[in-house]
Structures are given as structure tokens and as C-alpha cells.
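Chain B: place on chain A using the hints.
Those sequence lines, one after another, are chains A and B.
Residue numbering for the first sequence follows our numbering, starting at 25 and increasing by one per position.
Residue numbering for the second sequence follows our numbering, starting at 25 and increasing by one per position.
Keep in mind that a hint or two might mislead.
The list cannot tell twin chains apart, which means a pair is met if one copy fits it or any two copies do.
Stated by the list, open to error - Below, in silico cross-link-like pairs of lysine-lysine (DSBU-like), each with a Cα-Cα straight-line distance of 30 Å or less: (1) LYS339 - LYS212; (2) LYS192 - LYS39; (3) LYS223 - LYS39; (4) LYS192 - LYS292; (5) LYS292 - LYS39; (6) LYS346 - LYS292.
To be clear, the hints were calculated from the coordinates, so they are not data collected in a lab.
Chain residues, written in single-letter form:
Number of protein chains: 2
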Amino acid sequence: MALTNRQIQLAARPKGLPRESDFALVTTEVPALQDGQFLVRINYISVDPYMRGLMNEGRSYANHFNVGDVVLGGAAGTIIGSRHRDYAVGETVLGFWGWQEYAVSDGGGVHRFDPSIAPLSTSLGVLGMPGLTAYFGLLDIGRPRAGETVFISGAAGAVGSVAGQIAKIMGCRVAGSAGSAEKVAFLKTIGFDAAFNYKGVTEYPAALQEACPAGIDVYFDNVGGVLTDAVFTQINPEARIVLCGQIDQYNALTPPQGPRLLWHLIAKRARAEGFLVFQFASRYEEGQRAMARWMAEGRLTWRETIVDGLENTPKAFIGLFKGENVGKSLVRIAEPGG
Amino acid sequence: MALTNRQIQLAARPKGLPRESDFALVTTEVPALQDGQFLVRINYISVDPYMRGLMNEGRSYANHFNVGDVVLGGAAGTIIGSRHRDYAVGETVLGFWGWQEYAVSDGGGVHRFDPSIAPLSTSLGVLGMPGLTAYFGLLDIGRPRAGETVFISGAAGAVGSVAGQIAKIMGCRVAGSAGSAEKVAFLKTIGFDAAFNYKGVTEYPAALQEACPAGIDVYFDNVGGVLTDAVFTQINPEARIVLCGQIDQYNALTPPQGPRLLWHLIAKRARAEGFLVFQFASRYEEGQRAMARWMAEGRLTWRETIVDGLENTPKAFIGLFKGENVGKSLVRIAEPGG
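Next up, chain A with everything else stripped away, as it sits in the complex (with noise of 0.2 Å):
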């Protein structure tokens, strides 16, 4: 008898913040299994900011979604039936399968995870894409030097709060802004030097100046915007500002203004790089491993938001623009082992 999947289909292009009418859960079932291919059972889906700009038509950097699809995303699971050589059953796996309960594959994009090294959800995060954005994103594009001072903004998310936990592992002060007062005492638990809760400030200039009294050399940038602003008026000679990020504009429904900020980076002799994860994909290994060690040394910790069932992953998604997630917003479909 076919097993069931339950899929989350893109229903229309949201227009600014997602709805939850956006999307549509539709049932299927599982296809018979080919030779050279295997069955996966879902245990996490990850849902993840970078996924709004590819609801839009054609505007972002990836292969758009089109109204109809099966929303895309990082996923985790288990393999329950194999008809595929390299792959048995039982194995953790890791793909692009999206926003469904269960997903056939032949092992195309696929990467084994090994659960003894830690929980399977880290797999999509400290230790999946976000904690590797955040470590090729801090350091390849970064560049801290010990005593520098990093301000990241969306600090408390999966990938600020990997990312000041390695600028401090580097000798770095370090400083982030977040979006609630719990987020704030989160960064202190992981050790930042400074944080402030963004939705408090008035004056971000003054803000910055407090949590970064010596200015700021490595600015972290996972928001954009009015924050922004204020980071570029705050910048050291030499500064590099880390592009990772403009959460404060996915949705926005009119191109935002802004102040003109490339004066800046000529008065500071400074630099501002975007970067995509995958640019560093022969080198994911060298960043998992670090990341590993450090986690195994008590030095790297990480924190998940995870909500349960295939219908909350909507919800999940529209809370990232909320600021409701801590870490990494994580969506289980069935717990690992079980």
C-alpha cells in the first residue's frame, strides 16, 4: 500500500510579509521506488530567510519558485527503503527536498550526516548552512584580527549567533543587536560582549557607539536598513562589512531608500562584500570540522526554535520576518530514531 506525502505547495507570490493563504498543504502519494533510488522519512525541515527572495518573480539570486511547486528548502532524514547502491537504510541524510513529509531521491545533492557527532536538527544549522555562513562569511569575508571589535545585527539568528560566538573564539569584542530583551540575555549567555534590543532604540548611532565604544571594524550584516545606516556612520578605517544578510527588505512591496552610503566606505577606505554560501562549497568540510571541534571544546553552542508538523511550516517561515525564532527555526515532521 503507497504511503502518504504531505506536501506545502507555494499557492501565490506573497506580496510583502508571507501569509499563511499563501501556501497550501496538498496530499499525495509516495511514488513507487526505481532502481538507484531511495525513500526518505523527514525529520527536519529548515526554513530559512533567503527563501522569501525566491517566492518573487525573478528579482533574487537562485531558481525561483513558481506558484504550484513544492516550496524548496533544506530538509534532514532517514532513509526507510533503498533500492539505491550507496545508500541503506537507516542512514541520515541531508537534501534540498523542501516543505514535505517524505521525498524520493538518487542521491543527487545529497550528504550523509553522522548522528554520533551531534543531534541530527544541528545538521541545518551550527553545523549545516547557516553555521557555515557564518564561518566562511566571518572569516573568509570578515577577516577579524583578535582585539577587533564585530558588530553583527540579527545576532540572535542562526547565523549571527554562530558567527559572534567564532569572532569571539578569534579574540575579538563583540557586539549584536536583536529584537527582544530575551534574544539580548541570550547573546550575553553566549558570550558577546555587548547587545541591545533594536526594537528599543531611538538613536542607533548612540547605541552603536555604546556597544562599540572603540568603533567598528567587522560589521556583520544579516538586516540591512535603518540599522545599517547607522553601522556605516560607526565604521573604523579599513572596515569590512559582511553582506549576509537584508531580512529588513524581503518583504518590502516599493524598492526601500535609504541614505547614500558609499561615501562612507571612501571616507573609511572600507570594503563591503556580498557572499552565497555555496561559493565556498569545495571547502564545507574544513568549516564542519572546525565548527565540530569547537563544539566538542564547549566553545561553539547553539540555540533552536522548533515548531512540530508539516502544517506549521508556513507559520515557522512568517515568524523568521517576526523576529520569533532564537537560533535556528526548525520544523519537525518526526523525531529522528523514532
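Using the frame of chain A, we list chain B on its own:
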């Protein structure tokens, strides 16, 4: 009998576009030389857009002028009297002497120029600060590779016209924008593959697409503003944006606003980097040698816009912001050797 010196002082901080009334012509006496000093007859005064920022109250990068100060800037002259053991009458020298006819120097910050290599005026242009700005900005910040497309705003200026020729020497396709048909014609004569008069353009992205059909790999930006906004929409993956100047904004009365641009840098994994030529001071000789060689080989040419008479210096300076100069703008005080 003491020599009479004429100087131009900053009479008032300009509001917006400077006016001639912001400057005052004063007459003083040249002081008698002390031991360790020499007297320079200024031949050429350099007027440069960056000086505008120094006329404001503390916003830009260097030491600002005060009202009542002689306006400072690069100048080239001939030693006509010396009580300095290292400098002899007849030598041609460069210094940061500003807008005056004579200067007394102790040799601090002074460089010699060998007039057998090229006319003395080039010491303030292609072989001086503007040329070095083009050389290091293009090669060290922009890092063009053969076959790439380089686009230059303010391409007919002292810096842009040199940057474009160096990009051609590097094997790039080179396009640029300038503010008159005469300037566009000049760009064609010095090897630009495409050029347009931005004043006739209503759709910048379309104009850029026509000039740069393969997209833009290196953008050498002297101008900023709406043209730069459009360039951000036309950059290729891994583009480099060399932030040299933002002349469009130097006379702004209120902080200029525009579309938020940083997300383009993420989408294209691109870099925008500002610089000031003095950060390459230890390598000026390298740049001057390279450019003198290209000049001797006939691969690098230059254009000058020269006005005569110290009293016309404010007018020449203001003309920079009206686009009146082609190539390097200079004020001739006295013909060298004359």
C-alpha cells in the same frame, strides 16, 4: 625688497555648489628665507573634487580647512631661492602648497619632479595624484582581468581617463560616461570601446546595457548618484566596485537619499571598496614608473584643461562640479622655465 605673494583663502564655508564669493584673494609678503628653507615659484596649481569635502565642517576624511586658511592642495613649482642644503635653485618640486603664487618650504612633504620625463604639469595629473589614484584604484581595488568589462563614471576626468586607458592596456573592454558630446568624443580617441553622455540619458540601465552588453565586471566610480544606482543593476557575479569619488554628492545640502543598494552585492557576490590614494604611498614609484613607460610607448595619453592666473582658481575649482574640464584641471601661475 620683499616679493609680493598672492593667496586665496577660504572666506566662507560653501553651502552646496561653491560660489566665487566663498573665496578671497589676499596679498601678503613672501617672508625672508631662514636656514633650511627654500622658496618656490608656483607654476601650476591643482584643483581637485576632493577639496570640496575639506571645505565643510568635519565630515570628510582629511584635515578640514578653516575659514581664513589658504586653500590647500597640490602644486608644482620651481625653486627660485634656497638656504636648504638638499634643494637647489632651478629644481622643479611638488608640494601641498595650495592656492598661492609663492611658497616657503623646509622640504617636508616635498617631492622632486624630473622635467625631462614629461612636462611639469603632468606631475599633478597623469604622473601625479590623479594618475596614481587611477592606477592603484583600478589595479589593486578593481583587479580587472583581460576580457572583462570595465565601466567608468566621470570617465573624461583626470582620474577616469587614466583608469580607462590602463583598463585597455590590461585587455579589458572599457566603457564610460561623461557629461558632454566633446568628452564622449575624447573618450573614443583614447580607446574607450563605448561611451555615452549621461546628460542625454533618461534610462540609465538601457544605456549601460548598450555600452556593456556583457554586463559590468569592474565599476570605477567617480560620480555616485543615479548612475551608480543603475550600475548596481548591471553588475556581473563577483563584480568589483571601486569607490573613488562621489562628485554627484559633494555639494548636497541635505543627506542624499537613494535606493538601497547593498542587496545587489549579496545577489552578485560582489564587492564595493573605497580607497584613498595615500594608502598606496609606499608604492607611488611603482605606479609612476609604469605610467611613464606607457606614456613613452604611446599607450597612455592625457588631456589638460588649463586656466591662467591665481585669481581664476576658484572659478576652475567650481568648474569641476559643472563638468567644465576635460582631463586634469590646472591653474597656471607661471610657465615653468619662464
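**Request:** Have a look at LYS192 and LYS39 and pick one of within, between, both or neither, based on CA distance no larger than 30 Å.
**Result:** This pair counts as neither: shortest intra-copy Cα distance 39 Å, inter-copy 45 Å.
**Message:** Treating 30 Å as the Cα threshold, decide for LYS223 and LYS39: within, between, both or neither.
**Reply:** Answer is within: at 24 Å inside a copy they meet the 30 Å cutoff, but 36 Å across does not.
**Within, between, both or neither, where LYS192 and LYS292 count as close if Cα-Cα is 30 Å or less** = Answer is both: 24 Å inside a copy and 29 Å across each meet the 30 Å cutoff.
**Prompt:** Between LYS292 and LYS39, at a C-alpha cutoff of 30 Å, which is it: within one copy, between copies, both, or neither?
**Reply:** between (38 Å within a copy, 24 Å between copies)
**Prompt:** Is it within, between, both, or neither for LYS346 and LYS292, if the alpha carbons may be no more than 30 Å apart?
**Reply:** between (34 Å within a copy, 27 Å between copies)
**Request:** Indicate which option fits the pair LYS339, LYS212 if close means a Cα-Cα distance not exceeding 30 Å: within, between, both or neither.
**Result:** within (28 Å within a copy, 58 Å between copies)
Of the numbered hints listed earlier, the single one contradicted by the structure is hint 2.
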